Amino acid sequence: MAKAHVYKRDHINTDEIIPARYLNTDDEAELAKHCLEDLDVHFVKKVQPGDIIVAGSDFGCGSSREHAVWAIRGAGVKTVIAKSFARIFYRNAINNGFNIIELPEALKKINNADELQIDYQNGLIKNKTTGIDIKFAPLPDFALEIINDGGLLEHIKKK
Amino acid sequence: MAMTITEKILAKAAGKGKVAPGELIDANIDICLCVDVTTPPAITMLAEKGIDKVFDAEKIVVTPDHFQPAKDIKSAELHKRLDEWARRHKIKYYYKIGRAGVCHALLPEQGHIRPGEVIIGPDSHTCTYGAFAAFGTGIGSTDLAAALATGKLWFKVPASEKIVFNGSLCPGVYSKDVILAVIARIGVDGALYKAMEFVGPALAEMSMQARMTITNMAIEAGAKNGIMAFDEVTKQYLDEHLKDKTDYTVFESDDDAEYEAAEHFDCSAIEPMVALPHLPSGGVPITDCAGKAMDQAYIGSCTNGRIEDLRIAAKILKAKKVAIRTIVVPATPTIWKQAMDEGLFDIFYDAGCVIAAPTCGACLGGFMGVLAEGEKCISTTNRNFVGRMGHPKSEVYLASPATAAATAIEGKLTDPRKYILKS
Ligand code: SF4
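Line order of the protein sequences matches chains A and B.
Quick note: the first sequence, position 89, residue 88 per numbering that gives the first Met the number 0, numbers continuous.
Quick note: the second sequence, position 137, residue 136 per numbering that gives the first Met the number 0, numbers continuous.
These are calculated hints, taken from the structure and not from any lab test.
Just to be clear, a hint being listed does not mean it is correct.
[As the list claims (entries may be wrong)] If you want the footprint, here are the derived chain B segments under chain A, 3+ residues with CB under 8 angstroms: (1) 41-55; (2) 60-70; (3) 139-153; (4) 181-193; (5) 351-365.
Here the structure is a predicted model, which means the values were calculated and not measured.
For every residue, glycine included, the Cβ atom is placed at its ideal position computed from N, Cα and C.
Kindly generate the complete structure, drawing on both the sequences and the hints.
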C-alpha cells in the first residue's frame with residue numbers, strides 16, 4: 000500500500016527537488032539520495048518504494064532539469080499528485096513514462112500518511128485511511144500512449 | 000482565422016495553415032541548443048536506445064556553460080561526454096571553452112536566433128529567444144534526445160496572454176524592474192502553459208538586450224514562451240549579428256487574434272524592484288526594502304550579464320568602492336573582451352570587484368560565488384528559490400544591475416536612482 004507524503008506548499012521547485020549542487024551527475028541512484036533535500040531533509044529516510052508525493056499547485060516549477068523526475072523516481076516514489084504541475088516537469092514526467100496526477104482538491108482530500116490505492120485506468124484514488132474515493136481526470140490520451148510505451152524515446156522508436 | 004504570432008510560428012513549424020490553442024502538433028525544430036548539464040543525459044539515452052544520430056549537424060548549437068570551466072571532476076566528465084559527442088557528430092556550431100558562454104547570451108550574439116523559427120533547449124530560460132519574434136521554449140533531456148534524433152517535437156499550442164507596457168521608463172528603472180513588476184502582479188504561475196506576448200510603447204523604446212531580460216523571465220511566470228513583435232530595433236540587431244543564414248520570416252499577430260487575458264502596466268510608475276526571497280514573484284519597490292544588509296552582489300547571468308548590463312553597473316561603480324563581495328561575470332567571451340576594451344574592468348577592479356570567466360557558475364549555486372549559511376546576495380539573475388545560490392538557508396534578492404551596483408557600494412539594499420540622478 001502506498002503512503003502519502005503531503006507537502007502543503009505551492010510552487011515546490013526543481014531547486015528544492017534536486018539542488019543544482021548535485022547536477023554534476025545524471026545517475027538516478029545518486030540523485031535519489033538528495034531527493035527533496037532542501038524542502039525536507041528527512042524525506043529520503045521516510046520514503047518507501049511505491050509511496051506518493053502530494054503537493055499544491057505548480058509542482059516542479061523552475062529549471063528544466065529532468066534530474067527532478069529521476070530523483071523522485073529513483074527515491075522509489077510511484078507518482079506525484081498535485082493541484083497542478085509546471086509545464087516542463089509535466090513534459091519530463093510523461094517523457095519518462097512517469098505517471099502524475101493533476102488533482103485540484105489534492106490537499107483537501109489527502110492527509111499526510113494516508114494510505115492510497117490508485118486505479119490509473121479509471122481515474123480513481125481510494126483513500127484507505129479516510130475511506131473516501133477520489134475521482135481524477137486521467138492524463139490525455141497522447142500522454143498515456145507515451146507512458147504506456149515506456150517513455151518518449153520508446154514511443155518514437157515504435158513510430 | 001485570426002492568429003497570434005506564437006500560433007503562426009507553430010503552424011508553420013507543423014506544416015499547417017492554422018493551429019488553435021490546445022491543439023497538439025508535431026513541430027519541426029529550427030535550432031536545438033545543447034548545454035553541459037542536461038545534454039549528456041540525452042546523449043546517453045540515445046546511445047542506450049541505439050539511435051545515436053543527429054537530425055542536422057548545422058541546426059544544433061553546443062556550448063558548455065553551467066559548470067564551465069569544469070568546477071569538479073564530475074562536471075569535467077559531463078564536459079567530456081559532450082565534447083566527444085559534438086566532435087563525433089561534427090556539430091558545426093560547437094563553442095568550446097574560450098568561445099563558450101552562457102547559452103542565452105551567446106546564441107543571439109553569435110547570430111543563431113532568427114525570427115519565425117522554433118528554438119528549443121534543455122534549459123528553462125530558452126524562452127529568452129522570443130525577444131526576436133521567434134518561438135523559444137525550454138525542454139528536458141528526453142525531449143532533447145527525441146529532437147536531436149528526429150528534428151521534431153510534440154507541443155500543445157499555448158493560449159496567449161497579452162502584457163501591455165504603456166508609458167516610458169524613468170531614469171534608474173530598467174527592463175529587469177519591469178519584468179519583476181509583472182511577475183509580482185501575476186505570480187509565478189500567472190501565465191502557466193501560456194504564451195506571454197509583450198507589446199506596447201515602452202517596449203518599443205528598449206534595446207534588444209533589455210528586451211531579452213524580459214522574455215528571459217517569462218518562465219518565472221510559468222509561461223511556455225515569451226514573445227515580442229519584430230521592429231526596426233530587432234532588424235538592426237539581426238543585421239549586425241546574423242552570419243551564415245541571414246534570411247528569416249517575420250510573423251505578426253493579427254489585430255483580431257484571441258488572447259485569454261491581458262495585463263496593462265504603466266511603466267512610468269514602475270520603481271526599481273527587488274524580488275525578496277524565495278520566489279521571483281516577491282518583487283517590491285526598492286523604497287519598501289532599502290537598508291537591508293547584504294553579504295554579496297552578483298552581476299551576471301543570461302538575464303543581466305550582457306554588455307549593456309555591465310555598462311550600467313560600471314557607471315554606478317565608477318570611482319567608488321564596494322562594501323561587500325562583488326562578483327562580475329560577463330556572460331560570453333565577446334562581452335568579456337568588450338568590457339575589457341571599454342575600460343569597464345578597470346572600474347570594477349578599482350571598485351574592488353572580482354571579474355570571473357563567462358559561466359553560469361553561482362547563478363545556480365554551482366561555483367564562483369556560492370553562498371554560506373545565512374548569507375544574503377543581491378543578484379541580477381532570475382531565480383531566488385531556496386538554496387538557489389548555495390546553502391538552503393542563504394537568501395537571494397533579485398534586482399537590476401543598477402540596483403545591484405548601488406547595493407554593492409553601500410552593503411545594503413540601495414535605490415540606484417541616488418547614484419544615477421547625481422551623475
Ligand atoms: S545563467 Fe543562470 S538562469 Fe541563465 S542559463 Fe545559466 S544557470 Fe540558467
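Here is what the structure says about each hint:
1. Only residues whose beta carbon comes within less than 8 angstroms of a beta carbon in chain A count, and the region 41-55 of chain B has 5; three or more means the coverage holds.
2. Residue count for the region 60-70 of chain B with a Cβ under 8 angstroms from a Cβ of chain A: 3. That meets the three needed, and the coverage hint holds.
3. Figure legend: the region 139-153 of chain B, annotated as covered by chain A; annotation consistent (9 residues with Cβ-Cβ distances under 8 angstroms, at least 3 required).
4. Counting residues of the region 181-193 of chain B whose beta-carbon sits less than 8 angstroms from any beta-carbon of chain A gives 4, enough to reach three: the coverage restraint holds.
5. Counting residues of the region 351-365 of chain B whose CB lies closer than 8 angstroms to any CB of chain A gives 3, which reaches the minimum of 3, so the coverage claim holds.
In summary, the structure agrees with every hint in the numbered list given earlier.
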